[in-house]
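Could you build all of it, start to finish, from the sequences and the hints given here?
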Amino acid sequence: MWMRLLRKGAEANIYLSTLIGRRVIVKKRIRKRYRIREIDKKLRDYRTVHEAQLLHQAKKAGVPTPTVYLVDREKFEVVMEYVEGVRLKDYLENGSLEKALKLCFQLGKLIGKLHLKGIVHGDLTTSNIILTKDWKMFMVDFGLGFYSKEVEDYGVDLYLLKQVFESFHYKIARKCFNHVLEGYRKTVGEEKFREVEKKIREIGVRGRYIPSEKRFHR
Amino acid sequence: MGLKACLGVESTAHTFGVSIVTLDGKILSDEKAVYKPPMGRGIHPRESAQHHTKTAPTILQKAIEKAKIKPKNIVAVAFSQGPGLGPCLRTGATVARALASYLKVPLIPVHHAIGHIELAILTTGAKDPLVVLVSGGHTCIVAFAGGRWRVFGETEDITLGNLIDTYGREAGYPTPSGSAVEADAKKGKKFIDLPLTIKGNNVSYSGLLTAALNKLKGGKWRREDLSYSLQEAAFTALAETAERVLAFTEKDELLLAGGVAANRRLQEMLKAIAEEHKARFFVVPREYSGDCGAQIAWTGVLAYKHKVKVSIEKSFVKPKWRLDMVPIPWRKT
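Protein chains in written order, with the working numbering: chain Y, 1 to 218; chain Z, 1 to 333.
Treat the hints as calculated values from the structure; they're not laboratory data.
Every residue gets a Cβ at the ideal spot worked out from N, C-alpha and C, and that includes glycine.
Please note: incorrect hints may appear among the correct ones.
Reference excerpt, derived from the structure (chain Z facing chain Y, CB under 8 Å, subset only) [stated by the list, open to error]:
#1 E154
#2 L196
#3 N201
#4 T236
#5 E313
#6 F316
No farther apart than 25 Å at their CA atoms in a straight line, the calculated lysine to any residue pairs in the SDA-like style are these [claimed, not checked]:
#7 K198/Y x D157/Z
#8 K54/Z x V34/Z
#9 K104/Z x P71/Z
#10 K307/Z x D128/Z
#11 K278/Z x D40/Y
#12 K215/Z x E38/Y
#13 K278/Z x R35/Y
#14 K199/Y x R185/Y
#15 K72/Z x E253/Z
#16 K186/Z x R33/Y
#17 K186/Z x R37/Y
#18 K99/Y x G146/Z
#19 K89/Y x Y170/Y
#20 K320/Z x D45/Y
#21 K190/Z x D45/Y
#22 K41/Y x F146/Y
#23 K26/Z x K54/Z
#24 K271/Z x K99/Y
#25 K271/Z x I14/Y
#26 K314/Z x R41/Z
#27 K278/Z x K99/Y
#28 K186/Y x L116/Y
#29 K89/Y x K136/Y
#30 K187/Z x R37/Y
#31 K271/Z x K136/Y
#32 K75/Y x P71/Z
#33 K271/Z x R33/Y
#34 K175/Y x D324/Z
#35 K136/Y x F105/Y
#36 K278/Z x R185/Y
#37 K89/Y x R90/Z
#38 K41/Y x L103/Z
#39 K175/Y x V34/Z
#40 K175/Y x F146/Y
This is the structure we're talking about:
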């Protein structure tokens, strides 16, 4: 089977390949030299299995994800549908602001759908969202995902995204994140939204060296 | 120009340091005294501040003598304005204010963590690195963009230095315990399962600390094995988040800075990650990894050249000053 390396991530290498005549992505969790074997094996095994399950559960929750074709626990590989598009990360930096904000609103709705089903993505960054030609967003990379009913975990999920906006998309951070929250509010409803929003603020203030009145939020 | 210099005063936590650095970046002197708490105890802010008060005159004198500089060539006095322990910060600030007013030169406020970063850049020659800053006060992954150091990942609770020192204290090592824990960890062979918490680009160490302390008190495990396992778990979590950010930002330089940067095992891990992503790897020289006056003096030079200064009346210390709040006029994106 031929494989072409597309991208090296922190968790895995992403290859383009083919399976019964169609283009597929092979996500291979390679051995990391810096980790001792005990930790390395545990992480790779756990994440390979979990990611495949979560990709499927997310799809059931109404969030577009690549379809999983094969899971190989021996080789730590997940073979999935190839979704053609650009990363939201790149679009936000280069596309139109108006469109970007619409996408952020949509993204908030998708995150809301996940949380309503008790799924936490665990690594919400703009490079884990693929934007297709017809403006559909696919969520990928569920390696750090898990199930939870805790507001704390939903808060952290959104807080991580906020951090990505503030550090990388800093010019449009506030607007973008506010649109994400609006979309989220629309999906989860006012009551749940308030709880999560309060949590996000709490998590921010918990961090180091926060002059609490200065941390922006909405 | 070579002769003109900035004097920097560092006093955020256990170290009182004074250094003189020329405007073109030559470190003429870097003197320090480190407060060592009694065995089994951590830093007491008041006692540490008293230590600084006692040692300040000697350290100051040594730094000036060693630099062989005439007072008139000191064109600015910089101090660590924060973040840190209030009483300690105020001691250093008092020394700096007195000096600046006596010498009639500008007083320059410096952010301690930015001091770590700038000194690491000066001493390694990195240009535009992704910085992994690990110390008792900071554990964060930052890169420069749009006039500020932006935080891409950080600890959500305690710092790496904090984790190691608190564990070390309970395990019977002196504080700060980084090098003792590292030496012991080298003798460890068996990995004891400890929790490793990664949240996106962030880490969380409080659960790891609790688990390690419980195992320590259980008395079932060899201390060497536990120290080894603690280091592996903590460093692996940090290394993974560093790799995540490196992949995301696509920077081609990775720089390890701060007190914990002296740890060989951590260096080895980050070096492997840099190589994997074809990034150049830099680590701050050991002598400049821990808190020192040079980080303040050198950042003071950069700030001085860009007219950053503060009047004595407004030079309050900022114990909770956050790294990404500081405008950096001397660095271009």
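Hint-by-hint comparison with the structure:
Interface restraint check for E154/Z: the shortest CB-CB distance to chain Y comes to about 7 Å, inside 8 Å, so the restraint holds. Interface restraint check: L196/Z against chain Y, minimum CB-CB distance 7 Å, threshold 8 Å, status holds. Evaluation of the N201/Z hint against chain Y yields a held restraint, the C-beta minimum of about 7 Å falling below 8 Å. A cut of 8 Å between beta carbons decides the hint on T236/Z: the least distance to chain Y is about 5 Å, and the hint holds.
Given the 8 Å rule on beta carbons, the hint for E313/Z is violated: about 20 Å separates it from the nearest Cβ of chain Y. The beta carbon of F316/Z is not positioned within 8 Å of any beta carbon in chain Y (closest approach about 12 Å), and the interface hint is therefore violated. Straight-line distance between C-alpha atoms of K198/Y and D157/Z comes to about 18 Å, which keeps the hinted pair within the 25 Å bound. Between the alpha carbons of K54/Z and V34/Z the distance comes to roughly 12 Å, so the proposed pair stays at or under 25 Å and holds.
Pair hint K104/Z plus P71/Z holds up; C-alpha atoms about 11 Å apart against a cutoff of 25 Å. In summary, the hint linking K307/Z to D128/Z is supported, as the alpha carbons are separated by about 23 Å, within the 25 Å threshold. About 21 Å separates the Cα atoms of K278/Z and D40/Y, which keeps this hinted pair within 25 Å; it holds. For the given pair, K215/Z sits about 18 Å from E38/Y by alpha-carbon distance, which is consistent with the 25 Å threshold.
Between K278/Z and R35/Y, the direct Cα distance comes to roughly 18 Å. Compliance with the 25 Å bound is thereby established for this hinted pair. Distance hint between K199/Y and R185/Y is fulfilled; the C-alpha atoms sit about 14 Å from each other, no more than 25 Å. Restraint check: the Cα-Cα separation between K72/Z and E253/Z comes to about 39 Å, which exceeds 25 Å; the hinted pair is violated. For the suggested pair K186/Z and R33/Y, the alpha carbons sit about 18 Å apart, so the restraint of at most 25 Å is met.
Distance check on the hinted pair: K186/Z and R37/Y sit about 16 Å apart at the alpha-carbon level, within 25 Å; holds. Taking the CA atoms of K99/Y and G146/Z, the gap is about 23 Å. The hint holds against a cut of 25 Å. Of the supplied pair hints, the one linking K89/Y and Y170/Y holds, its CA atoms being roughly 12 Å apart against a limit of 25 Å. Proposed proximity of K320/Z and D45/Y is contradicted: the alpha carbons are some 41 Å apart, above 25 Å.
Taking the CA atoms of K190/Z and D45/Y, the gap is near 21 Å; set against the 25 Å cutoff, the hint holds. Between the alpha carbons of K41/Y and F146/Y the distance comes to roughly 19 Å, so the proposed pair stays at or under 25 Å and holds. Taking the CA atoms of K26/Z and K54/Z, the gap is about 28 Å. The hint is violated against a cut of 25 Å. At most 25 Å may separate the alpha-carbon atoms for a hinted pair to count; K271/Z and K99/Y exceed this at roughly 40 Å.
With a CA separation close to 22 Å, the supplied pair K271/Z and I14/Y stays within the 25 Å bound. Using a Cα cut-off of 25 Å, the hinted pair K314/Z and R41/Z is violated, with the two alpha carbons roughly 35 Å apart. A C-alpha spacing of about 34 Å is found between K278/Z and K99/Y, which places the hinted pair above 25 Å, so the restraint is violated. Between K186/Y and L116/Y, the direct Cα distance comes to roughly 12 Å. Compliance with the 25 Å bound is thereby established for this hinted pair.
A hinted pair counts as satisfied when its Cα atoms are at most 25 Å apart, and K89/Y with K136/Y qualifies at roughly 15 Å. Taking the CA atoms of K187/Z and R37/Y, the gap is near 17 Å; set against the 25 Å cutoff, the hint holds. Distance check on the hinted pair: K271/Z and K136/Y sit about 38 Å apart at the alpha-carbon level, beyond 25 Å; violated. With a C-alpha separation of about 67 Å, the suggested pairing of K75/Y with P71/Z is violated against the 25 Å cut-off.
Between the alpha carbons of K271/Z and R33/Y the distance comes to roughly 10 Å, so the proposed pair stays at or under 25 Å and holds. Among the hinted pairs, K175/Y with D324/Z is consistent with the structure: their alpha-carbon atoms are about 19 Å apart, no more than 25 Å. For the hint linking K136/Y to F105/Y, the alpha-carbon distance of about 13 Å falls within 25 Å, and the restraint holds. For the given pair, K278/Z sits about 42 Å from R185/Y by alpha-carbon distance, which is inconsistent with the 25 Å threshold.
For the given pair, K89/Y sits about 43 Å from R90/Z by alpha-carbon distance, which is inconsistent with the 25 Å threshold. For a cut-off of 25 Å, the pair hint linking K41/Y to L103/Z is broken: about 61 Å separates their Cα positions. Proposed proximity of K175/Y and V34/Z is contradicted: the alpha carbons are some 46 Å apart, above 25 Å. The straight-line distance between the Cα atoms of K175/Y and F146/Y is roughly 28 Å, outside the 25 Å bound, and the hint therefore fails.
Against the hints set out earlier in the document, violations occur for numbers 5, 6, 15, 20, 23, 24, 26, 27, 31, 32, 36, 37, 38, 39, 40.
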